[in-house]
Amino acid sequence: MQKAGFTRSLFGIAAFAAASALAGGALQVRDARAIATVPGQSVAAVYMTIASPSAARIVSAKSDAAESVQIHVMSMQDGIMRMRRLDVLDLPAGREIRLAPGGTHLMLAGLKHPLRAGGAVELSLAVVGADGERRVVRLNLPVVDARLGQAGHHD
Amino acid sequence: MTDRRRRLAIRGAGLTALALVLSSCARKPERFLTTDITGVDWGRDFRLTDHTGMPRTLADFRGKAVMLFFGYTHCPDQCPTTLAKMARAVDRLGEDGKRVQGLFVTVDPKRDTQDILAQYVPAFHPGFIGLRGSESEVAQTAQDFKVFFARQRPDASGFYTVDHLAAIFVIDPQGRLRLYMKGDSDVDAIVHDLKLLL
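Quick note, the sequences are listed as chains A and B, same order. Using the numbering used here, you'd call the opening residue of the first sequence number 1 and step up by one each time. Using the numbering used here, you'd call the opening residue of the second sequence number 156 and step up by one each time.
By construction, these hints were calculated from the structure, which means they are not laboratory data. Wrong hints could be hidden among the right ones.
[Said to hold, decoys possible] Below, computed lysine-lysine pairings styled on DSS-like, alpha-carbon distance capped at 30 Å:
hint, chain 1, residue 1, chain 2, residue 2
1, A, K112, B, K350
2, B, K337, B, K301
3, B, K265, B, K350
4, B, K265, B, K301
5, B, K219, B, K253
6, B, K253, A, K62
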């Protein structure tokens, strides 16, 4: 039993290695990626799947690559696309929150340079736990082509 | 007539009827997969400026099927996806794709300058054209095509988003508005309908 538990936690460490030690291993992040920009585009979307074992919220985000990082929620209703800024992103205990195309995403606004596929971009998330403590999670995101980041869009 | 002959005659009539039904099916025109809006009395023209600075109207594209999409470059998700789908549809059409024109009208002419559009739009497909105008010219065009858009209040950093109808309008080579393709239409449906239109 103990061995299985050990193996599982090792797997956990490998799968969620992107989350920094500063988070105390608490925040689980996977499939984090920034989408390569198109020439002329000064914003870029960031997607990931994120979960916290205890209730927490992302209160802010920043990146050296952009003037600001915003939490956006996108919706489509009657063909109208709406994008709204969220002040915080709630992470209910143990629930996976998917930041994905067509829904919630982080947006790098005011990019200082274009994002090219194959590159990387640094992102810091400020997370406040139920204990009120603020932690900073540093991520290094691969920059991918939009087509690779979206299942079912390969031609 | 013997019973056997009568049965054969009835069977023959049945087959004839079946053949008629089948042939009328074959003659029926193939249906569009996206919404057919043929005959509407709006969306007849626009007067805008392209990403090279040239004035453009819909008549400039007579002889080609036009895919017209309204959006803005600060839209990180939906707009690039739709433009990429339009580009893939044109590529998939091969030789026929040369008779399809992709057009992107910005609903955010304030930030989407001619220079930005010149970089952005052809990046999806070298033949695609970006269109813009003054705030009132863009508003007029959107109104003529029944395209809702609304700029949202800027945040502390001055950043704003623009709500907008994320659909593709398709105009036939004779300049008539024919199809309304919802933003989530897949490339297969777009290719199918463009083929039918050409």
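Just to be careful, I want the Cα atoms of B:K253 and A:K62 compared with a cutoff of 30 Å; is the pair within it?
Violated: B:K253 and A:K62 sit about 44 Å apart, past 30 Å.
B:K265 and B:K301: Cα distance at most 30 Å?
OK: B:K265 and B:K301 at ~21 Å, within 30 Å.
Straight-line Cα separation of B:K337 and B:K301 no greater than 30 Å?
With a Cα-Cα distance of about 14 Å, the restraint between B:K337 and B:K301 holds, given a limit of 30 Å.
Quick one, are B:K219 and B:K253 close enough, alpha carbons at most 30 Å?
8 Å, holds
Is the Cα-Cα distance between A:K112 and B:K350 30 Å or less?
42 Å, violated
With the threshold set at 30 Å, check whether the alpha-carbon distance from B:K265 to B:K350 stays at or below it.
36 Å, violated
Taken one by one, the earlier hints fail for this structure at numbers 1, 3, 6, listed in ascending order.
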